[in-house]
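Undergrad: For reference, the chains in residue letters:
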Amino acid sequence: MNWNKFFVAFIAAFVFLFVFGFLWYATLMHDTHREVPTLLRPEADLKSYFGWLALGHFVMAFFFTLLCARYVPSGRAGAGAMLGLLVGLVYAGPHLISFAVQPLTLKILCGWIAGAVIQFTVAGAIVGAIYKPPTGQIMYVKERLR
Amino acid sequence: MRRFIIAFIAAYIFLFVWGWLLNGILLKDVYAETPNLWRSQTEMASLFHWIIIGQALVVFSFVMIYASGFAGGGIIAGIRLGLLLEIAAIGMRLGFYAVQPIPGKLIVYGSIGAVIEMVIVGAMVGGIYKPASVRQP
Numbered sequence: 004m005n006w007n008k009f010f011v012a013f014i015a016a017f018v019f020l021f022v023f024g025f026l027w028y029a030t031l032m033h034d035t036h037r038e039v040p041t042l043l044r045p046e047a048d049l050k051s052y053f054g055w056l057a058l059g060h061f062v063m064a065f066f067f068t069l070l071c072a073r074y075v076p077s078g079r080a081g082a083g084a085m086l087g088l089l090v091g092l093v094y095a096g097p098h099l100i101s102f103a104v105q106p107l108t109l110k111i112l113c114g115w116i117a118g119a120v121i122q123f124t125v126a127g128a129i130v131g132a133i134y135k136p137p138t139g140q141i142m143y144v145k146e147r148l149r
Numbered sequence: 002m003r004r005f006i007i008a009f010i011a012a013y014i015f016l017f018v019w020g021w022l023l024n025g026i027l028l029k030d031v032y033a034e035t036p037n038l039w040r041s042q043t044e045m046a047s048l049f050h051w052i053i054i055g056q057a058l059v060v061f062s063f064v065m066i067y068a069s070g071f072a073g074g075g076i077i078a079g080i081r082l083g084l085l086l087e088i089a090a091i092g093m094r095l096g097f098y099a100v101q102p103i104p105g106k107l108i109v110y111g112s113i114g115a116v117i118e119m120v121i122v123g124a125m126v127g128g129i130y131k132p133a134s135v136r137q138p
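Taken in order, these protein sequences are the chains called D and C.
Numbering-wise, the numbering used here puts 19 at position 16 of the first sequence, and it's gapless, one number per residue.
Numbering-wise, the numbering used here puts 59 at position 58 of the second sequence, and it's gapless, one number per residue.
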């Protein structure tokens, strides 16, 4: 593991995930979220829960970066973006399940899915571009689905 | 391709049964504490296909990630992938906790259940899916 580059990639991923989350979910989707007021905490309460939001992004960024670093074809923005896209789809699945069990609107569902896919694809590209594994640790898998 | 499909089907069946056991039985009373956050049983039944599609998307993407970057590592690599994905998802769950009035114990129990779920899914996919060949430079 190249820890120096890992740390830089982690910080970059954390900053991007946090800023994107703020712009997409809290700003662009603000009015859409408020269409279902029972679903969200009152605006006055949100400040006292900010620490959980920051901790959540920290954990998410750290383990996503670790996942990218462990991903075999890592070391390029394209490979990172592809991994990020698939990770975004893994996290889009629970949004579909949430739509079935929580009173979300279709607009909120579409916004969450698009947000997850864009957020992790770009984050994957950032991590892939920054993190380069030591060449001795790269394992090539000659892939052929069977 | 055959092993990909078998891994997908096996993991999907487990995820479906585990999801029902965890959310439908074990955590039923915890969900009942916050009825305003959830749809009625009738509504949920009419939207059940979204649960099936959502779970299929999770499993399909998981097997794709495993096949494209972790295959060859076997069960251990599958478990590692499941753990990394799920711990990152716990971060996402904390973000939801910050903005939605979800009870803290639902986050804790849900996260523990999801870690167990993804470890088993990873072990199943790692045990079933095998790449054509593995070489090291």
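Hints are computed from structural coordinates only; laboratory data are not their basis.
Computed from a predicted model, the values in this text were never measured in an experiment.
Please note that the accuracy of each hint is not assured.
Unchecked claim - Below, a list of computed lysine to any residue pairs in the SDA-like style, where the Cα atoms sit at most 25 Å apart:
1) D:Lys50 to C:Ile14
2) C:Lys29 to C:Met65
3) D:Lys50 to C:Gln42
4) C:Lys29 to D:Lys50
5) D:Lys110 to D:Asn5
6) C:Lys131 to C:Met45
7) D:Lys135 to C:His50
8) C:Lys29 to C:Met45
9) D:Lys135 to C:Ser47
10) D:Lys110 to D:Leu31
11) D:Lys50 to D:Gly81
12) C:Lys29 to D:Leu88
13) C:Lys106 to C:Ile129
14) D:Lys110 to D:Asn7
15) D:Lys110 to D:Ile100
16) D:Lys110 to C:Ile117
17) C:Lys106 to D:Leu31
18) D:Lys50 to C:Gln101
19) D:Lys110 to C:Arg4
20) D:Lys110 to C:Gln42
21) D:Lys50 to C:Pro102
22) D:Lys110 to D:Ala15
23) D:Lys50 to C:Ala124
24) C:Lys131 to C:Gln42
25) C:Lys106 to C:Ile117
26) D:Lys135 to C:Leu84
27) D:Lys110 to D:Val39
28) C:Lys106 to D:Lys110
29) D:Lys50 to C:Leu107
30) D:Lys110 to C:Lys131
31) D:Lys50 to D:Val11
Unchecked claim - Non-contacting residues of chain C with respect to chain D, defined by C-beta distances greater than 12 Å in every case (computed):
32) Ile10
33) Asp30
34) Glu44
35) Met93
36) Pro102
37) Lys106
38) Gly128
Beta carbons: idealized from backbone N, C-alpha and C, even for Gly.
Undergrad: Are the hints correct? Go through all of them and say.
TA: Verification of the hints:
| no. | hint | in the structure |
| --- | --- | --- |
| 1 | D:Lys50 to C:Ile14 | 41 Å, violated |
| 2 | C:Lys29 to C:Met65 | 32 Å, violated |
| 3 | D:Lys50 to C:Gln42 | 33 Å, violated |
| 4 | C:Lys29 to D:Lys50 | 30 Å, violated |
| 5 | D:Lys110 to D:Asn5 | 41 Å, violated |
| 6 | C:Lys131 to C:Met45 | 37 Å, violated |
| 7 | D:Lys135 to C:His50 | 42 Å, violated |
| 8 | C:Lys29 to C:Met45 | 14 Å, holds |
| 9 | D:Lys135 to C:Ser47 | 48 Å, violated |
| 10 | D:Lys110 to D:Leu31 | 12 Å, holds |
| 11 | D:Lys50 to D:Gly81 | 37 Å, violated |
| 12 | C:Lys29 to D:Leu88 | 33 Å, violated |
| 13 | C:Lys106 to C:Ile129 | 34 Å, violated |
| 14 | D:Lys110 to D:Asn7 | 41 Å, violated |
| 15 | D:Lys110 to D:Ile100 | 15 Å, holds |
| 16 | D:Lys110 to C:Ile117 | 32 Å, violated |
| 17 | C:Lys106 to D:Leu31 | 30 Å, violated |
| 18 | D:Lys50 to C:Gln101 | 13 Å, holds |
| 19 | D:Lys110 to C:Arg4 | 37 Å, violated |
| 20 | D:Lys110 to C:Gln42 | 22 Å, holds |
| 21 | D:Lys50 to C:Pro102 | 13 Å, holds |
| 22 | D:Lys110 to D:Ala15 | 30 Å, violated |
| 23 | D:Lys50 to C:Ala124 | 40 Å, violated |
| 24 | C:Lys131 to C:Gln42 | 41 Å, violated |
| 25 | C:Lys106 to C:Ile117 | 17 Å, holds |
| 26 | D:Lys135 to C:Leu84 | 22 Å, holds |
| 27 | D:Lys110 to D:Val39 | 11 Å, holds |
| 28 | C:Lys106 to D:Lys110 | 29 Å, violated |
| 29 | D:Lys50 to C:Leu107 | 21 Å, holds |
| 30 | D:Lys110 to C:Lys131 | 40 Å, violated |
| 31 | D:Lys50 to D:Val11 | 28 Å, violated |
| 32 | Ile10 | 15 Å, holds |
| 33 | Asp30 | 16 Å, holds |
| 34 | Glu44 | 8 Å, violated |
| 35 | Met93 | 6 Å, violated |
| 36 | Pro102 | 5 Å, violated |
| 37 | Lys106 | 15 Å, holds |
| 38 | Gly128 | 16 Å, holds |
In terms of the numbered hints stated before, the structure departs from hints 1, 2, 3, 4, 5, 6, 7, 9, 11, 12, 13, 14, 16, 17, 19, 22, 23, 24, 28, 30, 31, 34, 35, 36, listed from lowest to highest.
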